[in-house]
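S.K.: So the protein sequences, as listed, match chains B and H. At position 136 of the first sequence (counting the first as 1) the number is 136 in the numbering used here, and the numbers step up by one without a gap. At position 114 of the second sequence (counting the first as 1) the number is 114 in the numbering used here, and the numbers step up by one without a gap.
Please note that a few of the clues may not be correct.
Below, computed lysine-lysine pairings styled on DSSO-like, alpha-carbon distance capped at 30 Å [claimed, not checked]:
1. B:K193 <-> B:K137
2. B:K156 <-> H:K94
3. B:K85 <-> B:K192
4. H:K94 <-> B:K179
5. B:K154 <-> H:K180
6. B:K154 <-> H:K177
7. B:K276 <-> B:K330
8. B:K137 <-> H:K180
9. B:K316 <-> B:K208
10. B:K17 <-> B:K179
11. B:K38 <-> H:K47
12. H:K36 <-> B:K85
13. H:K94 <-> B:K137
14. B:K276 <-> B:K323
15. H:K94 <-> B:K38
16. B:K17 <-> B:K38
17. B:K85 <-> B:K154
18. B:K316 <-> B:K388
19. B:K281 <-> B:K323
20. B:K179 <-> H:K180
21. B:K137 <-> B:K151
22. B:K320 <-> B:K354
23. B:K137 <-> B:K192
24. B:K179 <-> B:K38
25. H:K177 <-> B:K156
Please keep in mind that the hints were generated in silico from the structure rather than gathered at the bench. None of the values given here were measured: they were computed from a predicted structure.
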Amino acid sequence: MLVSEAALEDVHEDVHKTQPWNNPDAVPYIRFENVTKKFGDFYAVDDVSLDVYRHELFALLGGSGCGKTTLLRMLAGFEEPTSGKIYIDGVDMAGVPAYERPTNMMFQSYALFPHMSVEQNVAFGLVQDGVSRSEIKQQVAEMLGLVQMTKFAKRKPHQLSGGQRQRVALARSLIKRPKVLLLDEPLGALDKKLREQTQFELVNIQEKVGTTFVMVTHDQEEAMTMASRIAVMNEGVINQTGTPFELYEYPNSRYTANFLGQVNLIEGVLVDDDEKYAVIKSDEAGCDIYIDHAVQGHQGMTFWVALRPERLRITKEEPKETKYNCLSGKVEEIGYLGGISTYHVRLASGKRIKVTEPNSTRQIEPRYTWEDTVWVSWEAGAASVLSK
Amino acid sequence: MSNKRSTFLLSALVFGFAFLYVPILLVIIYSFNEGKLVTVWAGFSTKWYVSLFSNDGMIDAAWNSLRIGVMSATLALALGTPAGLVMSRFGRFKGRTLFSGMIAAPLVMPEVITGLSLLLLFVTLEQMIGWPAGRGLSTITIAHTTFCAAYVAVVVQSRLSGMDISVEEAAMDLGAKPAKIFFVITLPMILPALVAGWLLSFTLSLDDLVIASFVAGPGSTTLPMKVFSSVRLGVSPEINALATLIILAVSVMIVIASAMILRSERMRSRASAGADA
């Protein structure tokens with residue numbers, strides 16, 4: 001049965017609402033236009049163009065020194081771009097000082113005012129705006145309620161734990177209802193357990209207040225858990241922008257593939273190229289790799305086949321079909337993590353392949369042991385082919 | 001073996017402290033001496049304290065010193081604070097090392113040279129513009145301000161460079177303009193350093209003899225100058241009483257200044273330790 005036109009329209013509208021980046025008519029809320037920032041001769045940010053939409057929780061992801069923090073600080077007004085333009089809600093931010101921008105920032109160190117109580121810290125932004133005392137009192141109480149810090153209103157920052165300070169910093173940066181909230185490594189100073197719990201809390205608060213969040217992080221797990229979209233940065237340039245799903249399943253480069261999750265990269269040469277499939281010959285793998293879609297490139301070109309460890313099958317018996325996508329090697333390392341096990345398999349070429357396997361049934365003894373000869377295989381659809 | 005070492009360390013400690021403090025202790029003890037001879041104990045008495053307070057010359061000198069101390073410590077604070085601020089916040093610029101070196105130089109400059117150069121300056125100025133007319137309390141105050149400002153600058157700078165700059169950025173981000181940030185955020189955060197700097201300056205000014213002797217004029221005798229000149233005529237037990245009082249005052253101030261510095265250090269380290277937790 002055919003889907004009616006109207007229903008299709010509805011689906012489209014819905015997609016455009018939840019994924020404005022897929023809607024060609026959507027107006028970006030924050031826009032970077034060819035922004036470059038130089039410190040001396042060093043390009044911290046190099047010709048970056050980026051659109052962020054309203055209500056997004058956008059993450060800038062990258063290693064240290066990749067320019068993500070500089071990008072955030074330019075948005076806040078602490079740094080001026082060397083060239084290029086930044087727009088927030090359609091307004092050019094050139095020359096607008098930090099204290100007049102519609103942004104607020106949550107600092108990595110939280111930067112709470114040590115000589116003020118929690119209450120005074122949170123109220124600071126409103127006091128600067130000359131809001132009436134009764135209004136301030138009410139809004140501060142509301143905000144402390146939102147971050148569950150009402151009990152600690154009279155305390156000084158040094159009397160709080162790390163997690164509590166993080167909440168105060170969040171409340172302080174949200175109280176002016178900024179158009180954009182900037183978060184610099186918001187969970188970086190928390191320990192692992194608290195971090196996981198806080199990730200979801202932060203997302204919930206974002207949904208409640210509806211503010212656009214732009215967050216800087218070096219933690220790919222944090223970015224994937226929280227963000228609607230992620231820009232992967234490297235050496236001042238945005239490598240790839242997309243939803244966590246897109247970045248993980250369809251990386252555009254080895255850098256992105258490596259940065260998000262774990263990946264095996266097998267180098268090979270394109271030997272057969274068709275509209276429906278491609279074959280890559282790899283000395284490293286010791287077998288031919290069959291790809292179930294066309295590859296952009298000519299024969300003889302070098303490609304890297306990206307294989308996620310969890311998409312690989314590991315068996316003791318030789319699979320029936322060994323012509324394509326089948327490696328054999330010896331188990332070199334075993335990591336038993338309970339829920340899953342990871343294996344490092346060394347191929348004849350010396351290449352190590354990482355495989356993870358869920359331990360979905362209870363075994364009497366471990367399935368594989370060191371120096372076992374095993375076979376590693378995968379579905380043709382599991383591999384992505386990268387040219388850079 | 002560790003026992004042996006600790007015996008050695010213990011005796012080193014005792015000897016070191018004795019070397020430093022036995023003379024001072026003697027002064028304090030002899031200030032309560034009944035007799036007129038400084039080196040012969042003749043029984044306990046507080047009569048030298050009484051006679052000290054009825055010695056007008058001594059009281060005048062103390063009053064001078066006090067006024068000079070308060071004035072120059074306050075001026076040093078006003079000059080040294082901006083200098084410390086510049087050294088820690090101006091970023092890199094050409095000649096930064098030279099600049100901070102020059103600010104710290106008065107700390108190690110021989111006092112004789114400081115005193116002599118200031119005297120030359122004052123005399124030249126008087127000939128050229130007629131000010132300062134003669135030398136007195138004001139010239140001593142200016143002289144003391146110069147080297148005290150260096151101390152304040154160093155104390156303020158070390159406090160500021162230990163301060164997280166993003167605290168000021170946060171204030172700006174929340175809508176405060178730079179001047180307001182200085183008064184509402186920076187100043188309260190460096191207040192302990194300012195108090196310590198003031199107390200230190202006051203103590204240094206109170207203590208100075210050499211520079212003051214160069215730039216003093218008639219009627220502007222400071223306490224150290226008075227003490228020094230009266231000792232040349234023979235040490236009277238009155239001086240011991242005075243010394244005891246000075247030691248008491250200076251110790252109290254040093255203790256307060258150190259406590260202020262220690263408290264701000266502790267607050268800071270606690271703040272950063274909490275952030276790691």
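S.K.: Under the criterion that the straight-line Cα-Cα distance not exceed 30 Å, is the pair B:K179, H:K180 satisfied?
M.R.: holds (24 Å)
S.K.: For the pair we were handed, B:K316 and B:K208, check the Cα-Cα distance against 30 Å.
M.R.: Measuring from Cα to Cα gives roughly 51 Å; hence the hint is violated.
S.K.: Going straight from one Cα to the other, do B:K179 and B:K38 come out at no more than 30 Å?
M.R.: Roughly 27 Å separates the two Cα atoms, so the pair holds.
S.K.: Between H:K94 and B:K179, is the straight-line Cα distance small enough, at 30 Å or below?
M.R.: Status violated; Cα separation ~40 Å.
S.K.: Please verify whether B:K281 and B:K323 have alpha carbons no more than 30 Å apart.
M.R.: It holds: about 12 Å lies between the C-alpha atoms, which stays within 30 Å.
S.K.: Given the hint that B:K193 pairs with B:K137, test it: the Cα-Cα distance must not exceed 30 Å.
M.R.: violated (33 Å)
S.K.: Verify the proposed pairing of B:K320 with B:K354, using a straight-line Cα cut of 30 Å.
M.R.: Holds, at roughly 22 Å.
S.K.: Run the distance test for B:K137 versus B:K151: straight-line Cα separation, threshold 30 Å.
M.R.: Distance of about 15 Å is within 30 Å: holds.
S.K.: Take the C-alpha atoms of H:K94 and B:K38, compute the straight-line distance between them, and say whether it is at most 30 Å.
M.R.: holds (20 Å)
S.K.: So if I understand the rule, the pair passes when the alpha-carbon distance is 30 Å or less; does B:K17 with B:K38 pass?
M.R.: violated (37 Å)
S.K.: Mind checking the alpha carbons of H:K177 and B:K156 for me, to see if they're no more than 30 Å apart?
M.R.: holds (24 Å)
S.K.: Straight-line Cα separation of H:K94 and B:K137 no greater than 30 Å?
M.R.: violated (48 Å)
Going down the numbered hints, you'll see the structure goes against 1, 2, 3, 4, 7, 9, 11, 12, 13, 16, 17, 18 and 23, while the others check out.
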